[in-house]
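Participant: Here are the chains, one letter per residue:
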Amino acid sequence: MDNILVTEKIVKNFGDFRALDNISIEVPEQSIFGLLGPNGAGKTTLIRIINQITLPDQGKVFFNGNILQPNDVHFIGYLPEERGLYKRMKVGEQSIYLAQLKGLSKIEAKKRLKYWFDKFEIGDWWNKKVEELSKGMAQKIQFIVTVLHEPKLLIFDEPFSGFDPINANLIKEEILQLRDKGATIIFSTHRMESVEELCEYIALIDRSKKILDGKLVDIKKQFKTNAFEVGLVTEEKDKLMQEISQKFEVSKAEFKSLEDDLKLRINLSDSETSTDLIKYLNKRALINHYVEVIPTANDIFIQAVKQNS
Amino acid sequence: MNKLKLIIKREFLAKVRNRSFIIMTFVSPLIMAGMIALVVYLSKSSMEKINVVAYVDNSKFFSKKDFKDSNTIHYINLTEVNLDKAKKIVQESNHDGLLFIPEKDSIEQITESIQFFSQETPSMVLISSLENNLEKKLEKEKMLQLNIDLKKLEQSDLNVDIKLSNYSGEKSSKLVNGIKIALGMGAGYIIMMFIIVYGAMVMRSVIEEKTSRIVEVIISSVKPFQLMMGKVIGTAGAGLLQFFIWAVLMFLMLVAGSYFFGMDSMASVQTAQIPTDQMEAIATNDAQFALSEILKLPLFSMFIWFILFFLGGYLLYSSIYAAIGSAVDNETDTQQFMMPVIMPLMIGVYVGFATVINDPHGTVATVFSMIPFTSPIVMLMRIPFGVPLWQIALSLFLLILTFLAVIWLAAKIYRVGILMYGKKVNYKELYKWLKY
Chain A
1 MDNILVTEKI
11 VKNFGDFRAL
21 DNISIEVPEQ
31 SIFGLLGPNG
41 AGKTTLIRII
51 NQITLPDQGK
61 VFFNGNILQP
71 NDVHFIGYLP
81 EERGLYKRMK
91 VGEQSIYLAQ
101 LKGLSKIEAK
111 KRLKYWFDKF
121 EIGDWWNKKV
131 EELSKGMAQK
141 IQFIVTVLHE
151 PKLLIFDEPF
161 SGFDPINANL
171 IKEEILQLRD
181 KGATIIFSTH
191 RMESVEELCE
201 YIALIDRSKK
211 ILDGKLVDIK
221 KQFKTNAFEV
231 GLVTEEKDKL
241 MQEISQKFEV
251 SKAEFKSLED
261 DLKLRINLSD
271 SETSTDLIKY
281 LNKRALINHY
291 VEVIPTANDI
301 FIQAVKQNS
Chain W
1001 MNKLKLIIKR
1011 EFLAKVRNRS
1021 FIIMTFVSPL
1031 IMAGMIALVV
1041 YLSKSSMEKI
1051 NVVAYVDNSK
1061 FFSKKDFKDS
1071 NTIHYINLTE
1081 VNLDKAKKIV
1091 QESNHDGLLF
1101 IPEKDSIEQI
1111 TESIQFFSQE
1121 TPSMVLISSL
1131 ENNLEKKLEK
1141 EKMLQLNIDL
1151 KKLEQSDLNV
1161 DIKLSNYSGE
1171 KSSKLVNGIK
1181 IALGMGAGYI
1191 IMMFIIVYGA
1201 MVMRSVIEEK
1211 TSRIVEVIIS
1221 SVKPFQLMMG
1231 KVIGTAGAGL
1241 LQFFIWAVLM
1251 FLMLVAGSYF
1261 FGMDSMASVQ
1271 TAQIPTDQME
1281 AIATNDAQFA
1291 LSEILKLPLF
1301 SMFIWFILFF
1311 LGGYLLYSSI
1321 YAAIGSAVDN
1331 ETDTQQFMMP
1341 VIMPLMIGVY
1351 VGFATVINDP
1361 HGTVATVFSM
1371 IPFTSPIVML
1381 MRIPFGVPLW
1391 QIALSLFLLI
1401 LTFLAVIWLA
1411 AKIYRVGILM
1421 YGKKVNYKEL
1431 YKWLKY
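In order, the protein sequence lines correspond to chains A and W.
Note that my numbering gives residue 272 to position 272 of the first sequence, counting from 1, and the numbers run on in steps of one.
Note that my numbering gives residue 1322 to position 322 of the second sequence, counting from 1, and the numbers run on in steps of one.
Hints in this document: simulated from the structure, not taken from any laboratory.
Owing to the predicted nature of the structure, the values given are computational and were not obtained by experimental measurement.
Note that beta-carbon positions come from the ideal geometry of N, C-alpha and C, so glycine has one too.
There may be inaccurate statements among the hints.
Stated by the list, open to error - Listed next, with one range per pair, are the computed distances between beta-carbon atoms:
{"no.": "1", "chain 1": "A", "residue 1": "Asn127", "chain 2": "W", "residue 2": "Asn1177", "range": "53 to 61 Å"}
{"no.": "2", "chain 1": "A", "residue 1": "Glu150", "chain 2": "W", "residue 2": "Thr1332", "range": "36 to 44 Å"}
{"no.": "3", "chain 1": "W", "residue 1": "Phe1303", "chain 2": "A", "residue 2": "Pro70", "range": "32 to 40 Å"}
{"no.": "4", "chain 1": "A", "residue 1": "Glu82", "chain 2": "W", "residue 2": "Thr1332", "range": "14 to 22 Å"}
{"no.": "5", "chain 1": "W", "residue 1": "Arg1213", "chain 2": "A", "residue 2": "Pro70", "range": "22 to 30 Å"}
{"no.": "6", "chain 1": "A", "residue 1": "Asp2", "chain 2": "W", "residue 2": "Thr1332", "range": "49 to 57 Å"}
{"no.": "7", "chain 1": "W", "residue 1": "Phe1026", "chain 2": "A", "residue 2": "Glu108", "range": "33 to 41 Å"}
Stated by the list, open to error - The following residues of chain A were derived to be distant from chain W, with all beta-carbon distances above 10 Å:
{"no.": "8", "residue": "Asn22"}
{"no.": "9", "residue": "Gln58"}
{"no.": "10", "residue": "Gly92"}
{"no.": "11", "residue": "Met137"}
{"no.": "12", "residue": "Phe160"}
{"no.": "13", "residue": "Asp180"}
{"no.": "14", "residue": "Asp218"}
{"no.": "15", "residue": "Asp238"}
{"no.": "16", "residue": "Glu259"}
Use the sequences and the hints to build the structure in full.
Facilitator: Next comes the structure, spelled out in structure tokens:
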């Protein structure tokens, strides 16, 4: 698959502070790419460089295979974390203005806005001033304005903040649809459950450096510890646990089940396999729960950042 | 380029549609006109007020003839009663004052011992007209004493009137000088006011974009420099529109005003004109003369210079205002940066008022009309008096050079500042931003 966006050894300094240190990422076309990192890691700076708001001190950005050009802003849609609208401007007029700045003609902008306003059933907001809208309503307008020019690359920085669960879900569906229609999405967030749910690729930036990137599945494989969660139905829980712990590394686990069973997390060594474990357990008790422990995005995030420090 | 136009249009409309703009544009000329009318009315009525002055003349130098009523003073002779009683009478009948001339032997002594009693401090105009009246009489007396022939003296009274003209033979008069001062000062003052009012408007608009958090959305579509310049230019457009509307309103009010107030004077001029040709000289009243003199000035080139210096000055300062707006989070934080901006403007106006009137081409005026931060004001004050073209060109050149440099610096600060939140900014910080 081709990469729609590639950054090559981006360096950005603010005075003595190095905000980005040799950041290289590759964003495959038509993927959802999670740009993750703790606060102040440099995500926003990188996003601003992609949007040509800030210029890098060193390094190159390629868009669609070519060096990023000023006119490429027409093919990029950006929903910043710090976002807002002109409070005293009317919704319709403002949306047209922002669309025109992205290169749409007035007529085209109106046509597309009508489609989106109908879709979200907000047609009667057209002549309202933004200050009359609630925060969630304004966020919807903001979302529409971001995607209106049908950009090839969409960059969302915390897109769900300010939305109630229903509207957050609506926006999530829209994002997925946009991906299916061919858009690529860079997604910066702290909400790991949405990373888990949406992202196919991730890059993790910590203290100005990229510490991890690739396909989320591959990263999970890399981070998995050969651990298994098991539920065993037994009369003598303590005794069984003691017995198992002599052979394997065991700790108590928590998960939901219908039985009052013995819940364990068992870490295997590199030489042991899942088959060995099942065979061993099967002889001693009824196994009603058996699952490989897959690290969550949250686990990976925390672990990677801890390792880096 | 297309986007710049869009931004200019939005900024222009945002300013023009603002309620306060509409009120400012249409109400303030009415308030101004009202104020002027009030001042004229009040000064007229105070001119017409007749002061009642009683006098006690115990000297031998004055006669009743010397206390003839004038336009503003009505005299009451209380010489018959003594001073204390006269004071009482004046107080009781609420006259404006009592003039007391004691009995003295010589004229010199008299000049030093005349007194005026009154409840409130009398106006300078009243006192000086009283003094004039007495002085004239006493001088005459003195001349008689010195055996000076009054007739001959009167004949010897000459009045030198130097006619002013420049080398190309254009005549000017002192009245024109006054008009030049008024035009120059007016132009300089308007430029200062415009820069302060509209510069602050640019600044507020930058702060608004920052606090409403729309700025990052916008600059993901356009360059920060475009946004800044669009704002500066769009705001200037709103200002020019306001100027234009004011000019039209002023013209209409002038026409209406002269129709209502000037009818009798115009009518009397016309009736006076018809009977004899001799009256022609009188018929050209002051206003008409002033108008014809104004029309003789190189108005067109003055207008061009006004626009050029105005644009230069406005661009210079408004880009600084934009940079300040970008550096702060709210308007109260702007205070520390405002002083250095307003200072040169103030200096320009005061230097202009103080030096240009006395000596339009003196060293101080010339130097300040070259310094770019004061030149738009001071040079415009000098221009009506005729400034060599090379000086104007040099001044304009320096101004353009400076505003290019300042816009470049301002844009650098602006670019960083608009994305900076929650940071208390000082000059050191701004300097750092220049290198980001």
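Participant: Each hint needs a verdict: does it hold in this structure or not?
Facilitator: How the hints compare with the structure:
no., hint, verdict
1, Asn127(A) / Asn1177(W): 53 to 61 Å, "holds, 58 Å"
2, Glu150(A) / Thr1332(W): 36 to 44 Å, "holds, 42 Å"
3, Phe1303(W) / Pro70(A): 32 to 40 Å, "holds, 39 Å"
4, Glu82(A) / Thr1332(W): 14 to 22 Å, "holds, 21 Å"
5, Arg1213(W) / Pro70(A): 22 to 30 Å, "holds, 24 Å"
6, Asp2(A) / Thr1332(W): 49 to 57 Å, "holds, 52 Å"
7, Phe1026(W) / Glu108(A): 33 to 41 Å, "holds, 38 Å"
8, Asn22, "holds, 19 Å"
9, Gln58, "holds, 14 Å"
10, Gly92, "holds, 14 Å"
11, Met137, "holds, 15 Å"
12, Phe160, "holds, 17 Å"
13, Asp180, "holds, 24 Å"
14, Asp218, "holds, 31 Å"
15, Asp238, "holds, 56 Å"
16, Glu259, "holds, 53 Å"
Hint compliance for this structure: no hint is broken.
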